[in-house]
Amino acid sequence: MNRLDTGDALVSEGNVSKMYFETDNHTRIASQVGSIAVLPCAVRNIGEGVVSWIRRKDYHLLTIGYTTYSSDERFNIIHSDDTEEWPLQIKYVQLRDAGLYECQVSTHPPTSIFVKLDVVEAKAEIFGPSEKYLKPGSMLRLTCRVVQSNEPPLYIFWYHNSRMINYDTHRGVNVSTEADNRYSELVITHTNTLNSGNYSCVSNNAVAASTLVHILNGENPAAMQHGDHGNAVLLASHMHLPLAVVTYQVIRFILKMC
Numbered sequence: 058m059n060r061l062d063t064g065d066a067l068v069s070e071g072n073v074s075k076m077y078f079e080t081d082n083h084t085r086i087a088s089q090v091g092s093i094a095v096l097p098c099a100v101r102n103i104g105e106g107v108v109s110w111i112r113r114k115d116y117h118l119l120t121i122g123y124t125t126y127s128s129d130e131r132f133n134i135i136h137s138d139d140t141e142e143w144p145l146q147i148k149y150v151q152l153r154d155a156g157l158y159e160c161q162v163s164t165h166p167p168t169s170i171f172v173k174l175d176v177v178e179a180k181a182e183i184f185g186p187s188e189k190y191l192k193p194g195s196m197l198r199l200t201c202r203v204v205q206s207n208e209p210p211l212y213i214f215w216y217h218n219s220r221m222i223n224y225d226t227h228r229g230v231n232v233s234t235e236a237d238n239r240y241s242e243l244v245i246t247h248t249n250t251l252n253s254g255n256y257s258c259v260s261n262n263a264v265a266a267s268t269l270v271h272i273l274n275g276e277n278p279a280a281m282q283h284g285d286h287g288n289a290v291l292l293a294s295h296m297h298l299p300l301a302v303v304t305y306q307v308i309r310f311i312l313k314m315c
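Add 57 to the 1-based position in the sequence shown for our numbering, that's all there is to it.
Careful, some of the hints might be misleading.
When the alpha-carbon atoms are kept at most 20 Å apart in a straight line, the in silico SDA-like pairs for lysine to any residue are as follows [as the list claims (entries may be wrong)]:
id, residue 1, residue 2
1, LYS173, ASN82
2, LYS180, TYR212
3, LYS173, TYR240
4, LYS114, THR140
Cβ-Cβ distance ranges computed for the label pairs, FRET-style [what the hints assert, rightly or not]:
id, residue 1, residue 2, range
5, GLU79, MET221, 20 to 28 Å
6, ASP115, GLY91, 51 to 59 Å
7, GLU182, GLY229, 40 to 48 Å
8, TYR224, GLU178, 24 to 32 Å
9, LEU118, HIS165, 17 to 25 Å
In short, the hints are calculated from the structure, not lab data. All C-beta atoms in this analysis are idealised placements derived from N, C-alpha and C, irrespective of residue type, glycine included.
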């Protein structure tokens, strides 16, 4: 296709009506997984021209004029007769939707601009190791934040195994969440063995995060720590001690037989 790049917009050669794009060429749009993305395309003095949208990675024709050609119903054109805007709408955005899209006008030769869609996936993060070891009576503090979110979450819920515990104050659970729902903290002041299990931080628009908490009864304080995952290795090494002793005794017996 013969196109003339004039900077922010591409203008067809010899087009007397001076059709031009008001949307900058290579505009970038960021959208979050599950949200609605709107890719802009403003065309001035379009005359008899027809606007088409093409997905560049596979050259799939998405729309021509008002008609959607894609079998994917998430794609459609938004246009009112009293405007010169021809934005492409993508509902329930997925990671696979990321990439370059072409807004093309049927001039002679055809004229285009390109819009880049970046898709981000919000996720929850719980600070610290994926497993925590505590002694009964000690305090459990879990902090969660939602990152890579273009829009504030509607909520953050904490789950202990499959039970939502945000409001379990009668069980010693205290949850505080910032006003924009991007940051939340769970505190259990005095834990017991019933507090062992999987804790999950769940938001409406982000991938959930979880951590495993062990409240252990025992005499070895090294196996029960406050968020230090390293001592869990020490606990595991003690579990192998009897096997090492048995192996040593077997070797001594064999040597005596020789």
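Original post:
Is it true that LEU118 and HIS165 lie within 17 to 25 Å of each other by Cβ?
Top reply: Given range 17 to 25 Å: holds, Cβ gap about 19 Å.
Subject >> Distance restraint hint 51 to 59 Å, applied to the beta-carbon atoms of ASP115 and GLY91 >> reply: Given a distance of about 23 Å, which is not inside 51 to 59 Å, the answer is violated.
**OP:** Assess, step by step, whether the Cα of LYS180 is no farther than 20 Å from the Cα of TYR212, and give holds or violated.
**Re:** Given that 20 Å is the threshold and the Cα spacing comes to 13 Å, the pair holds.
Original post:
Regarding the pair LYS173 and TYR240, is the alpha-carbon distance no greater than 20 Å?
Top reply: Roughly 30 Å between the alpha carbons, so the hint for LYS173 and TYR240 is violated.
Original post:
Does LYS114 pair with THR140 here, judged by a C-alpha cut-off of 20 Å?
Top reply: Roughly 29 Å separates the two Cα atoms, so the pair is violated.
Original post:
At the C-beta level, are TYR224 and GLU178 separated by a distance inside 24 to 32 Å?
Top reply: For GLU178 against TYR224, whose Cβ atoms are near 29 Å apart, the range 24 to 32 Å holds.
Original post:
Honestly, do GLU79 and MET221 meet the 20 to 28 Å range at C-beta?
Top reply: Check failed, 49 Å falls outside 20 to 28 Å.
**OP:** Quickly compare the C-alpha distance for LYS173 and ASN82 to 20 Å and report which way the hint goes.
**Re:** holds (10 Å)
**OP:** Starting from the hint 40 to 48 Å, judge whether the C-beta atoms of GLU182 and GLY229 obey it.
**Re:** Check failed, 25 Å falls outside 40 to 48 Å.
In the structure shown, a violation is registered for the earlier hints numbered 3, 4, 5, 6, 7, in ascending order.
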